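Participant: Residues per chain are reported as follows:
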Amino acid sequence: MSFYDVIKKYEDFNIKEYLENVSYEDVEKTINKENLNEFDFLNLISNTSLEYIEIIARKSQKLTKRYFGNTISLYAPLYISNYCTNKCTYCGFNKENKIKRKHLSYEEIEKEAKELAKTGIKHVLFLTGEAKELVSFEYIKNTLIILKKYFKSISIEIYPLKENEYRKLKNLGLDGVTIYQETYDLETYKKVHLEGQKKDYFYRLDTPERVARAGVRQIGIGALYGLSDIYKDAFFSALHAKYLMDKYIDCEISISLPRMKYSESKFKPYQKLDNKKFIQIMLAFRLYLKYIGINISTRESAEFRNNLIGLGATKYSAGSKTDVGGYTKENKSTPQFETDDKRDVNEICNAIKNRGYQPVFKDWELII
Amino acid sequence: MDKLILGEKEFNSRLFTGTGKFSDKSLIKPMLEMSKSEMITLALRRVDFDMPQENILNYIPKNVTLLPNTSGAKTAEEAVKIARIARTVGCGNFIKIEIINDMKYLFPDNEETIKATKILAKEGFIVLPYMMPDLIAAKRLEDAGAAAIMPLGSPIGSNKGLQTKYMIEILIENCKLPIIIDAGIGRPSHAAKAMEMGAAAVLVNSAIACSENPIKMGKAFSLAVQAGREAYLAKLAEEKKYAEASSPLTGFLFEE
Ligand code: SF4
Chain W
72 MSFYDVIKKY EDFNIKEYLE NVSYEDVEKT INKENLNEFD FLNLISNTSL
122 EYIEIIARKS QKLTKRYFGN TISLYAPLYI SNYCTNKCTY CGFNKENKIK
172 RKHLSYEEIE KEAKELAKTG IKHVLFLTGE AKELVSFEYI KNTLIILKKY
222 FKSISIEIYP LKENEYRKLK NLGLDGVTIY QETYDLETYK KVHLEGQKKD
272 YFYRLDTPER VARAGVRQIG IGALYGLSDI YKDAFFSALH AKYLMDKYID
322 CEISISLPRM KYSESKFKPY QKLDNKKFIQ IMLAFRLYLK YIGINISTRE
372 SAEFRNNLIG LGATKYSAGS KTDVGGYTKE NKSTPQFETD DKRDVNEICN
422 AIKNRGYQPV FKDWELII
Chain D
898 MDKLILGEKE FNSRLFTGTG KFSDKSLIKP MLEMSKSEMI TLALRRVDFD
948 MPQENILNYI PKNVTLLPNT SGAKTAEEAV KIARIARTVG CGNFIKIEII
998 NDMKYLFPDN EETIKATKIL AKEGFIVLPY MMPDLIAAKR LEDAGAAAIM
1048 PLGSPIGSNK GLQTKYMIEI LIENCKLPII IDAGIGRPSH AAKAMEMGAA
1098 AVLVNSAIAC SENPIKMGKA FSLAVQAGRE AYLAKLAEEK KYAEASSPLT
1148 GFLFEE
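Respectively, the protein sequence lines represent chains W and D. Using my numbering, the first residue of the first sequence is number 72, and each one after it goes up by one. Using my numbering, the first residue of the second sequence is number 898, and each one after it goes up by one.
These are calculated hints, taken from the structure and not from any lab test. What you are looking at is a predicted structure, and each value in this text was computed from that prediction instead of being measured. Here a beta-carbon is modelled for each residue, glycine too, at the ideal position from N, C-alpha and C. A hint or two may mislead.
[What the hints assert, rightly or not] Cβ-to-Cβ under 7 Å is the rule here; a few derived chain D residues that face chain W:
(1) S920
(2) D921
(3) E951
(4) N998
Looking at chain D on its own, in the form it has when it is part of the complex (with noise of 0.2 Å):
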């Protein structure tokens, strides 16, 4: 597979994954092997320094990258003060801003979510914002530094797969940036859909997480990224094919 850069850094899997909901925090590690997931993310809320069987961070592999979210945040202020505690305790650059004022939909604010993305990309944060996919508040995000958009593919927790379908359609062709699809991917085939479609990475959790093998769901979807990103690639190939061939089907009207 092509790998994936963000923010100068190489991916070589386009699954994202995310460490809550376990029902055994020792099942993260397995499940990051068999899933191949390069990058996990983390909510700073639930990273207990004070022991170390709680800690989150003891259970990650060193060579998996942190994606720390802002949950808790209502306020771009409360997420950027959150993102640099992140950064304080160690868990590097990235950042996913989660900015979220509806308990019910957990639905994220894109106008706070902008504000705090300009600030932090200015701090030298890599910024991925969780967001309502709206192609305005995308290209705002493009501006305001983030290093790629998150928009959602239906609620949080609710498994219900790419029910933004058409609006994301419209940012993975209008932005500059890659799209990852965050939330909302409750089975392997809404994953592959999502990356024939051209989004650059999925982000996995509840759909994991909650699973009854949680491992082999972190394979089943490892393959289904892989599958629905060759078939994003095949597709590319196949429309360039038809812009090249060589006896064009309209070539008659210009024929002397």
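Chain W extracted, bound-state conformation (with noise of 0.2 Å):
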């Protein structure tokens, strides 16, 4: 089975029409309960609920108290490399823009790993984009392990790979795996893939489950709101991060909320998540999926992040480049997109101490 067959049970069941129709009471009774549905999830991000926002942060704050204490994990991304074969729509690292590309040596990567460790970041994601031939596995393999002696967990964002070459990347100490699907709408989602492995839908949704498979301990999912329906997308990630929270129970599973930035695809959105959407779908997050990472990203403003703190945010990225080559400064490349939150780590980790919360740098041993 996979997640596909659950999108396929809701074929006919029109989202739109059903968050439309939810009463008050549907609201009330879903903040009422201890253990929600997939409706209950609608009915806390429908305009009715608006009304309820305070009592259901409250109930959020709550909950993510309960499961992770008054802390925010800290993390940052570290790109190696934005060559890539493919052709997203709404992406700066598109083959077709001229932008100005970079691939670091491992030269470069260690020190770039080594500016990175001095703001006393310990938990590293690096990026690349899809270049197979350029960024090959065994290029994110001899990355994993340079990055091993400067940082305690490394995660990835880059294409998907074989559950073979997961699991590898994982006896080798890779501690998470990020994928979005971007889109579960199938339509659009061929519309804003044009062109290499990208395009198939199919295998891209499976990813966490062939991560999953292969050991890896982390896995963060999400869609990249303003590429479709923001109402379905988030309906069908709060079933996906369900789906393979029930099925994977050993598997840390987090979520996202990216919102569509300025880049330099110069895409338009189809639809904008404005910040009350945006909280809403976080707070319905904790409530239907209670015991979930939620990730917040320098997407966001700084403004912004500093009043999620306490309302069901888990982790939090800091003083983050995103550009190849950023931490060092030698010869940047283009960012993916535009960070918002430009403070460095020690101002990020002060602003989370103010809002009476513990910033952690280090929840992992690398015994490996």
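With the hints as a guide, bring both chains together as one complex.
Facilitator: See below:
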């Protein structure tokens, strides 16, 4: 069984119509429940539930504290190559874009790692575009080996791999894989992914399961809000997370809500996810999926991120540079997207502390 | 209160606390003072040796015994590795084995826990295994060389109290080792109840760390644990008194 079988079950279900008919009573019932179902999730992201947002926020805060304590984990991204052979219409790294490209050599990766480690960051997420000749499995593997010297937890956000490749990386110490479906809507997916392996919706959709079967501890999923209908993408990301959490109980699942940002692609979003909806969706994730990790990147502004502390978020990226070579500042490339929160690690730590939370740098011990 | 002895070490307090989940690490010291707890658990995965202000060890007074745990381990092999690292970095001989393969309820894996206990006890660790209350597993842990048994009251962080009460009573009745209730204790009244039942100690983390005032809550738990222990000891005395009554209720059966 694939998660696609779950999606198919809702083929004739009209989310828009359902959301329009959510009553105050429905929302109240949902709020008072301990275990929510998928319709409760929808009740929470409806316009009707906006009137109850404060109560929902308090419930989310309570649940988050119960499972994660008064803490926020920190990590940083490390872009190692922005060459890409794909044509995703919304992405700054799209092969058609005339941008400054850079592919780090192993020496350069080591330099970047050293520089980033100086900030105190212990958990790193390294990213590449999809250019299999240049960014080969061998290159990914060696990058992992280099980063192990400087960080305690290493995750990747790269093109989908085969199960045995994930297993090889896991045995070398890989701790997490982030793989966004971008959009769960098949039609839209086909329209925005024009070339390369990424065209294959189904291969991408089943990637988290290959990761789980390979025994990697953490899996991050999500949709890129703005590509397609935001309600539909929120709904299916929640169901996807639930599906994975139920099927692979030994994996830690986390979810993100990246919003479309300005990039070199100059893509016009289909629909905008505003701050209120963003928060509604985030709170709904927490109430529906109690144990889920919720990841907030520096795509969001400093002020907005400050306000999200204590509402349900559990992981923050800090001091992020989204250009290749960004930490050493030597011949930088064009960034994948513009970051909004430009504070350094220290400033973010202080903001977290000011809200009564403890920033956590290290939450993993590499024993390999 | 009577002393608790674990691996030749004496403890005046039967309340064990934890270092995780605090809003600020500097709350740990005053919390320990007010709760009088003498044993504190810490996840090795969280110990950050590179930055002094981040290193949790710098926030724990020297008179408090460290109970490093193997959080993050999914197999006996991993738990053993973590325990060895903990000892090498100076966390002492105590180790709480925590092997979890269920990220939803965080239930412990008894089978792997027994394996790890066997190996670590042989290496001279004072092993406190976190386990699912199951009598057979508890007996195997005894044989494997554990110093105490730590059954869960309810899932970690759930604050649901002693949902496994009956199973724990069975362990208390049938095990030679001290039974320390770990996980699920959300209120001082839960802790008192556990101690009244005859638990040797309780471990409380979230309920203290995540409360509005962890220092005050530490004190509340300390009092509850004391009250529960005294009640347990008093009850014992009472039962004894009945047993030694000078005129037995059924004595007539044996009269000529
Ligand atoms: S989204 Fe990824 S695969 Fe698509 S163009 Fe950008 S970097 Fe390449």
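Participant: Now tell me, hint by hint, if it's right for this structure.
Facilitator: Against the structure, the hints:
Checking D:S920 against chain W: minimum C-beta separation of about 4 Å stays under 7 Å; hint holds. The closest approach between the C-beta of D:D921 and any C-beta of chain W is roughly 6 Å, which is under the 7 Å cut-off, so the hint is satisfied. The beta carbon of D:E951 is positioned within 7 Å of a beta carbon in chain W (closest approach about 6 Å), and the interface hint is therefore held. Annotation: D:N998 was flagged as interfacial toward chain W, and the flag holds, the nearest CB pair being 5 Å apart, inside 7 Å.
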